[in-house]
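Generate the whole structure from the sequences, applying the supplied hints.
Each protein sequence line maps, in turn, to chains A and B.
Residues 2 to 205 (the numbering used here) are what the first sequence spells out, left to right.
Residues 2 to 205 (the numbering used here) are what the second sequence spells out, left to right.
Don't read these hints as lab results, they were simulated from the structure.
Worth double-checking, as some hints may not be accurate.
[As the list claims (entries may be wrong)] Derived PhoX-like pairs: lysine-lysine, alpha-carbon spacing no greater than 20 Å straight-line:
{"#": "1", "chain 1": "A", "residue 1": "Lys53", "chain 2": "B", "residue 2": "Lys142"}
{"#": "2", "chain 1": "A", "residue 1": "Lys177", "chain 2": "A", "residue 2": "Lys142"}
{"#": "3", "chain 1": "B", "residue 1": "Lys93", "chain 2": "A", "residue 2": "Lys23"}
{"#": "4", "chain 1": "A", "residue 1": "Lys38", "chain 2": "A", "residue 2": "Lys53"}
{"#": "5", "chain 1": "A", "residue 1": "Lys142", "chain 2": "A", "residue 2": "Lys93"}
{"#": "6", "chain 1": "B", "residue 1": "Lys53", "chain 2": "A", "residue 2": "Lys142"}
{"#": "7", "chain 1": "A", "residue 1": "Lys177", "chain 2": "A", "residue 2": "Lys198"}
{"#": "8", "chain 1": "B", "residue 1": "Lys177", "chain 2": "B", "residue 2": "Lys142"}
{"#": "9", "chain 1": "A", "residue 1": "Lys93", "chain 2": "B", "residue 2": "Lys93"}
{"#": "10", "chain 1": "B", "residue 1": "Lys23", "chain 2": "B", "residue 2": "Lys38"}
{"#": "11", "chain 1": "B", "residue 1": "Lys23", "chain 2": "A", "residue 2": "Lys93"}
{"#": "12", "chain 1": "B", "residue 1": "Lys3", "chain 2": "B", "residue 2": "Lys23"}
{"#": "13", "chain 1": "B", "residue 1": "Lys23", "chain 2": "B", "residue 2": "Lys198"}
{"#": "14", "chain 1": "B", "residue 1": "Lys177", "chain 2": "B", "residue 2": "Lys198"}
Protein chains: 2
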Amino acid sequence: MKLYETRTAPNPRRVRMFLAEKGLLDQVELVEIDLQKGDNLTPEFTAMNPMKKVPVLQLDDGTCIAETMAICRYFEEVFPQPPLLGRTPLEKAGIEQWLRWIDYYFMMPTGMCFQHTSGYFADRMTPVPAWGEECRTDIQKFLGFLDRHLEGREFIYGDQLTAADLNAFATVEFNKVNKIRVAPEQVHLQAWYERMKARPSAAV
Amino acid sequence: MKLYETRTAPNPRRVRMFLAEKGLLDQVELVEIDLQKGDNLTPEFTAMNPMKKVPVLQLDDGTCIAETMAICRYFEEVFPQPPLLGRTPLEKAGIEQWLRWIDYYFMMPTGMCFQHTSGYFADRMTPVPAWGEECRTDIQKFLGFLDRHLEGREFIYGDQLTAADLNAFATVEFNKVNKIRVAPEQVHLQAWYERMKARPSAAV
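Encoded structure:
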């Protein structure tokens with residue numbers, strides 16, 4: 002299997018962390034895609050993912066799976082241990098709820114704040130800086146929410162690590178591009194962040 | 002079980018259609034939440050879903066599950082037939098990919114175009130009309146993509162109905178608020194739309 006990805010981008014990192022926590026990193030060959038050079042805009046890459054985004058998983062028979070959580074779902078189904086997307090119907094639903102919250106209220110504003118205020122992709126999109134600043138406010142709100150939620154909790158959902166922790170951690174870290182960090186008074190979030198940072202998967 | 006929802010909103014409709022296709026609509030009591038009156042902003046509702054969004058599923062023991070796809074995931078796990086989220090690992094991943102594409106490149110621009118150009122929620126958010134217009138362009142792009150994809154296909158993914166069809170259909174219909182319809186030349190999309198419209202689940 003090949004994983005087309007970009008080393009510094011947050012979504013491929015979520016997949017790498019997911020694979021690392023399952024002990025599966027050696028199952029995939031990592032293929033670097035340079036987004037600024039436009040490696041993702043070529044006809045070859047568009048044939049793999051018409052949305053022109055990384056990551057894309059290519060199976061040995063050539064079948065391609067795009068979208069971070071679709072790739073994680075594939076690995077969860079084929080290699081269920083340790084479960085990162087839940088075991089029971091209620092756990093699966095609760096984790097899915099958190100994954101959606103993290104995507105919609107944290108990861109998406111993070112990406113849009115970056116795209117609309119940094120000018121990084123100004124050659125291929127129309128930045129709307131006022132929207133980027135709205136997104137910045139949403140990011141700060143979510144960090145506060147997460148800090149309050151983590152009081153007395155080791156993990157975001159339930160009593161063991163799930164993809165919710167991995168995705169939130171990768172998003173906290175990527176926010177350095179927006180110059181947003183965990184605030185000193187967010188002690189519960191900070192403690193969780195340090196626990197996550199200490200896991201081997203944080204280094205992949 | 003109670004499903005807190007808003008009759009005219011697109012996300013609750015996705016859940017109702019999902020339940021209808023599984024023959025489960027009679028399993029839930031529908032509780033109407035008036036978004037314009039702010040029923041979703043009360044302390045009681047916020048305790049059920051801190052994101053203050055519909056739909057929310059409340060189980061008989063009081064446990065709440067927010068987020069459309071988390072609710073659908075719960076029902077898929079408890080009532081697997083007919084499968085709407087896939088059977089094999091590859092199907093599950095392929096459908097997840099499509100669900101994400103539909104959410105990110107179609108449903109989210111649809112909601113943001115509405116919120117940022119209509120002034121509907123101007124009492125509780127800051128509309129950025131330029132962003133709303135960017136989203137309108139993205140919606141049109143996705144409709145074109147979907148039309149090309151549906152050439153020679155009965156369903157969006159594989160050879161049977163999945164949640165991808167339900168979510169895309171509900172989003173096409175909700176776009177009437179943005180005054181966006183399937184274009185006459187989008188014949189594949191139009192034919193699929195008419196097939197979906199003829200299903201009993203389209204009327205719930």
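Okay, which hints does this one fail, numbers in order? 5 and 10
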